[in-house]
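With chain L's structure known, arrange chain U on it following the hints.
There are 2 protein chains.
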Amino acid sequence: MNQDIGQLCANALRVLSMDAVQKANSGHPGMPMGMADVAYLLWNDFLKHNPQDPQWPDRDRFVLSAGHGSMLLYSLLHLTGYGITLDEIKQFRQWGSRTAGHPEHELTPGVETTTGPLGQGIANAVGMAFVERYLATMFNRPGFEVVSHYTYVICGDGDLMEGISHEACSLAGHLKLGKLIVLYDSNGISIDGPTSLSFTEDTVKRFEAYGWQVQEADAYTPADIQQAITAAQAESVRPSMIICHSHIGYGSPNKQDSAKAHGEPLGVEEIKLTKQAMGWPETPEFYVPDEVYTHMRRAVEEGPRRQGLWEDLMKRYREAYPDLATLWDRMWSKEIPENLDGILPSFEPDEKGIATRAASGQMINALAPLVPSLLGGAADLAGSNNTAVKGAGPISGDNFEGRNIFFGVREHGMGSMMNGMALHGGIIPYGGTFLVFSDYMRPAIRMAALMGIQVIFVFTHDSIGLGEDGPTHQPIEHVHVLRTTPNLCTIRPADANETRLAWEMALKRRDGPTAIVLSRQRVPVLDRTKPFGKYGSLAPASHALRGGYVLYSSPNPEIILMSTGSEVHITLEAAKILESRGVEVRVVSMLCWELFNRQNQAYHDQVLPPHVETRMAIEASYPTGWGRHFVGPKNKRHVLGINTFGASAPYEEIYKQYGFTPQNIVAIAERLLDRVIT
Amino acid sequence: MNQDIGQLCANALRVLSMDAVQKANSGHPGMPMGMADVAYLLWNDFLKHNPQDPQWPDRDRFVLSAGHGSMLLYSLLHLTGYGITLDEIKQFRQWGSRTAGHPEHELTPGVETTTGPLGQGIANAVGMAFVERYLATMFNRPGFEVVSHYTYVICGDGDLMEGISHEACSLAGHLKLGKLIVLYDSNGISIDGPTSLSFTEDTVKRFEAYGWQVQEADAYTPADIQQAITAAQAESVRPSMIICHSHIGYGSPNKQDSAKAHGEPLGVEEIKLTKQAMGWPETPEFYVPDEVYTHMRRAVEEGPRRQGLWEDLMKRYREAYPDLATLWDRMWSKEIPENLDGILPSFEPDEKGIATRAASGQMINALAPLVPSLLGGAADLAGSNNTAVKGAGPISGDNFEGRNIFFGVREHGMGSMMNGMALHGGIIPYGGTFLVFSDYMRPAIRMAALMGIQVIFVFTHDSIGLGEDGPTHQPIEHVHVLRTTPNLCTIRPADANETRLAWEMALKRRDGPTAIVLSRQRVPVLDRTKPFGKYGSLAPASHALRGGYVLYSSPNPEIILMSTGSEVHITLEAAKILESRGVEVRVVSMLCWELFNRQNQAYHDQVLPPHVETRMAIEASYPTGWGRHFVGPKNKRHVLGINTFGASAPYEEIYKQYGFTPQNIVAIAERLLDRVIT
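First to last, the protein sequences are chains L and U. All residue numbers for the first sequence refer to the numbering used here, where the first residue is 1 and numbers rise by one. All residue numbers for the second sequence refer to the numbering used here, where the first residue is 1 and numbers rise by one.
The set of hints was computed from the structure by calculation and includes no laboratory data. Keep in mind it's a predicted model, so treat the numbers as computed, not measured. Worth double-checking, as some hints may not be accurate.
Identical copies look the same in the list; a pair holds intra-copy or inter-copy alike.
In silico lysine to any residue, SDA-like type, Cα no more than 25 Å apart, as pairs [what the hints assert, rightly or not]:
(1) 634 with 671
(2) 260 with 599
(3) 656 with 673
(4) 576 with 86
(5) 534 with 338
(6) 530 with 580
(7) 634 with 613
(8) 176 with 237
(9) 656 with 96
(10) 352 with 302
(11) 636 with 610
(12) 48 with 83
(13) 390 with 302
(14) 508 with 600
(15) 260 with 341
(16) 260 with 390
(17) 636 with 613
(18) 315 with 4
Next comes chain L alone, as it looks inside the complex (with noise of 0.2 Å):
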């Protein structure tokens, strides 16, 4: 054909996605289309990247915010090289496939991250942007660049309309992030129209004031495309973003600038017409001529080869510097000691006790040393969170050698960064807020279950518990919210000793994200040796490693209260006044439903025997979900939970009108015995 190669794998990104997109049936033609050319651009000359190795370290991060646009990154996986098949192509959006309606990290190799979810992407970046250059500071020296990356996104309007946007861009450009690149599909369509319908800001003038270097340019002059890149990569302070003024559907001769090419395929007559007009055989579908493979597979050799440069000079960096090369690979590997439980402090049992996020705090610190791969903070929130590495500075626009990470009141920005910190690999990041605000970062949380990344959530203020602030600061549904979220751990340590061992946890999880949830208020450290009732003591907190345990119990016990959190100690009170009113009780801690769940039946049946029905759910939280671990009929099971909403008053105050007592748990028991306790 006659066309120069640029063009005409252009026109092949172009020709498989609306293919794909019509076979499927369902789809995104439209964003493909339109930047086929600039994908192309970026792909071809400027992104480090090797399709045999999808994992390289130093490789530069692309990321499709614009996940709907699915269609044009399986392209480009296809054409150079990363082992996505034709057939693959062709098998868009269909059950067990790899080209999955949306990019799926967790399925997808080359896939960095999972989008979708608008706005998610370009956070992600800005998280991985983030850890650049942190291992940057950490680990370069004179004549070795050993970390040296850029991130680009590719992003739409809906993203730039997205909140989150607005956070994650706005710290980036605090950060000064100069190797974030985003270039801004800008087609002038969303879904419903066109953006003048809601979109009208001054994208130039919103990301100056972020600290961003702006460029616009034609998505279809190769030359603009370019110079703008390079210029963006010469830009080491400020990130950059690239508006590329473009078309969507560009080359569909009745959709192209129109919301019709936005979600739905041409249909088969529109195919042959944008075919025709680019000069493109109508058969086969999927046709890619011969040229455009040759040209964009010669990244299965180049990739290879730039890896093998970086491999050699990684090899002369762990001769010249043995102790950063022994630190990179316990970053990489996200290293944890492996005796941790004997490492870590544990605390003295103690009546007056400590709030779980302060013994959280505490862990923080001790692990700060031992893992240097944790990194993390809070959003603005830091001293209620108990987050803050303590001699450590803050990470600064000017200065990346500081250990804590002031993220703003950004959480949602926030909750995507750590994703993209953790995708982007040698960080475990975590990072905090009050539990009721886990509200603002729930796509994210979710995004992190999906992808099964290792993030860690400090969710602390996890009650009414916290009082005087009230119900806009109390939360009710969220630990429910969280335990419903697939593949999300959530763990509601009981005291410090137990909040010692969800660090643990959620260190040891790699597989996905953890959410620790803790006091405000403190909370005795339960002494676990001395005598406790009449038959015994409480259990060693090391137990609470299987999710749910026996905390304690009379040898038959007729009722068995399970708790998590401060209402534990509430519902170790009332289980000893039904024991001195003769009721053998039993206690279980249930800190980490993820965890018990999957745990043997032997097990389930050890800590909550079958034919001890009657039983009892205490928690300050909405009274739902229990019932998986209820066996009797109903009026033999009781949550003792809240639904409504808090109020604002002393916590103590607050739990008593809550009728959270040892007093009102003892009378609930007794009528569900349904005896006279003498």
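Relative to the frame of chain L, chain U by itself:
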């Protein structure tokens, strides 16, 4: 005291705030102290309000977006005569008091919206200003400016860091809400320390990018502030941002300009020093000079006078424009036709059926002419959410006569704007997005529920039934997340006629928000007249008004199958098979748990007879929360749900793979019944 009256009033605000926080030993003195002068000037010189009627429709709205500075607002309400007594000020943050930790709309007269979670207030204000302009466009006539009020906001840096402020403010600029005036308490301090730690964007440029008028003023130079507010009022097209350069804890000799002044009491000693510095008597606490009361309580007479003028105007308006006056009354009472059920179109039985989202769209279009206060739109998914009123135009910056709001891809902004719209009065707002993106607006949903305001969320694409878009777009936990939000009514109708009733419930529910959860895919319109199964026919859709109802039953059911939404149809198929195999079965459509829970025990027992212990729930959702509807022991109950993420494929295939087939339901039912079915 030798101070001018303005100074004296500002200092009184400071004193009340710091004394109340000290007495409560909890709260945020710094913000009220920093913004006391600005707040005094705004309330004294500009705010059109009537302490004797906080509901006056044409009052200016005042939103304290920085809700942690609640004592500023309570002090203003106390001093201007809203009936908040000094005793109540002394009960700040105590159980049962109207001076809660953060301002609560539902609790305290004069509090226009509940604030505290940052960014919510400013977005609420955008919604209020939106409605002001909408109603002004609809009702004002030459010489009759019956709608003409400003919406004022005091916000802090936290509000501006939150992404939601970006969403809402960008849209406010787009919509040219010239009567929105934001006073930004720019004190350079956030909780963690100086804002320079995380927040260095150029606020002037940012808001100019959104199309706002931006001014700067010194918070302690009254003429400066007065001039800025005057100029903001004069600007009729652009919303106004006034950056007030202020000092947190202003007046405190040792804590001013320090994060220490933000969220904890100043301390007895520092309060003493502060009072000394401002020439205030150290005792008694809460001392307010008489001249302050005299001066500020003028509002108690001035308010009724101004409202009286407006009422005179309204009287003449009613004579001049009787039809508009009738419409006015209908809108402010949020009137809905009495016999909605008779008026709304119902759907003929149809095996092929329609998606419930499509049925919802028909309802919106049927309701639009009947319920003038109904107003809404979608977050760039109007076509998919079926939220558009056909034949009506878009509302744009230049034309407010349309009836479709294009919120852009701004779910969070949409949610909080809807809250502001409802709070303003005159409007029943609705807004649409995919159910999975309810995550993006979680905080707004929660605030609607907390405030108990009538807001209607239209959540479509409610399960794996959305198919190819895959797990990023398939809700799993979301239905349950909504159900566990206190005071939120969640309805998942099974067919078009249940959808009709869902809208009826949502319109009739005045004391809280409703989420209508709708299918992407077609579902049959159930034939409720023709014979079904062995024993009769399906119940009329009207039974759905009780939240849960027996859709079909054999005379002596051995098993109850409970389901919602699109899974009801699969369940009915299963019931038919079970009956054909000799099992007597009941199918319950449990479309709205909140409503069902409110029915009496007799009805519960009628729908779910206690003696039928074998029960199963079928819902393409996280399998939790059904416990309340189970009565029997564990081996007699089962939830067929989804505890993983979804997948990308045609939806029929996903349903099959995830076990949502009549055959699988039958197999599980057989197991539960523990009998050989012949």
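Against the structure, the hints:
In this assembly of identical chains, the alpha carbons of residue 634 and residue 671 lie at most 25 Å apart whether taken from the same copy (13 Å) or from different copies (21 Å). Neither within a single protomer nor between protomers do residue 260 and residue 599 lie at most 25 Å apart by alpha-carbon distance, with minima of 51 Å and 47 Å respectively. For a Cα distance limit of 25 Å, the shortest separation of residue 656 from residue 673 inside one copy, 23 Å, qualifies, whereas the shortest one across copies, 43 Å, does not. Taking CA atoms no more than 25 Å apart as the test, residue 576 paired with residue 86 passes in neither setting, with 68 Å inside one copy and 44 Å between copies.
Proximity of residue 534 and residue 338 under a CA criterion of 25 Å is satisfied in neither setting, with 38 Å inside one chain copy and 65 Å between copies. When the C-alpha separation of residue 530 and residue 580 is checked against a cutoff of 25 Å, the pair qualifies only within one copy, where the shortest distance is 18 Å, while the shortest distance between copies is 63 Å. In this assembly of identical chains, residue 634 and residue 613 lie within 25 Å of each other by CA distance both inside one copy and across copies; the values are 10 Å within and 10 Å between. Proximity of residue 176 to residue 237 under the C-alpha cut-off of 25 Å is restricted to the intra-copy arrangement: shortest distance 5 Å within a copy versus 35 Å between copies.
Within a single copy, residue 656 and residue 96 get their C-alpha atoms only as close as 53 Å, which misses the 25 Å cut-off; across copies the closest is 13 Å, which meets it. In the homo-oligomer, the alpha carbons of residue 352 and residue 302 never lie at most 25 Å apart, since the shortest distance is 64 Å inside one protomer and 55 Å across protomers. Taking the shortest Cα distances, residue 636 and residue 610 sit within 25 Å of each other both inside one copy (13 Å) and across copies (14 Å). When the C-alpha separation of residue 48 and residue 83 is checked against a cutoff of 25 Å, the pair qualifies only within one copy, where the shortest distance is 18 Å, while the shortest distance between copies is 68 Å.
For a Cα distance limit of 25 Å, the shortest separation of residue 390 from residue 302 qualifies neither inside one copy, at 45 Å, nor across copies, at 55 Å. Taking the shortest alpha-carbon separations for residue 508 and residue 600, only the intra-copy value of 20 Å comes in at or below 25 Å, while the best inter-copy value is 49 Å. Within a single copy, residue 260 and residue 341 get their C-alpha atoms no closer than 59 Å, and across copies no closer than 37 Å, so neither meets the 25 Å cut-off. When the C-alpha separation of residue 260 and residue 390 is checked against a cutoff of 25 Å, the pair qualifies only between copies, where the shortest distance is 18 Å, while the shortest distance within a copy is 55 Å.
With identical chains, the CA atoms of residue 636 and residue 613 are at most 25 Å apart both within one copy (6 Å) and between copies (14 Å). For the homomeric pair residue 315 and residue 4, neither the shortest alpha-carbon distance inside one copy (40 Å) nor that between copies (75 Å) is at most 25 Å.
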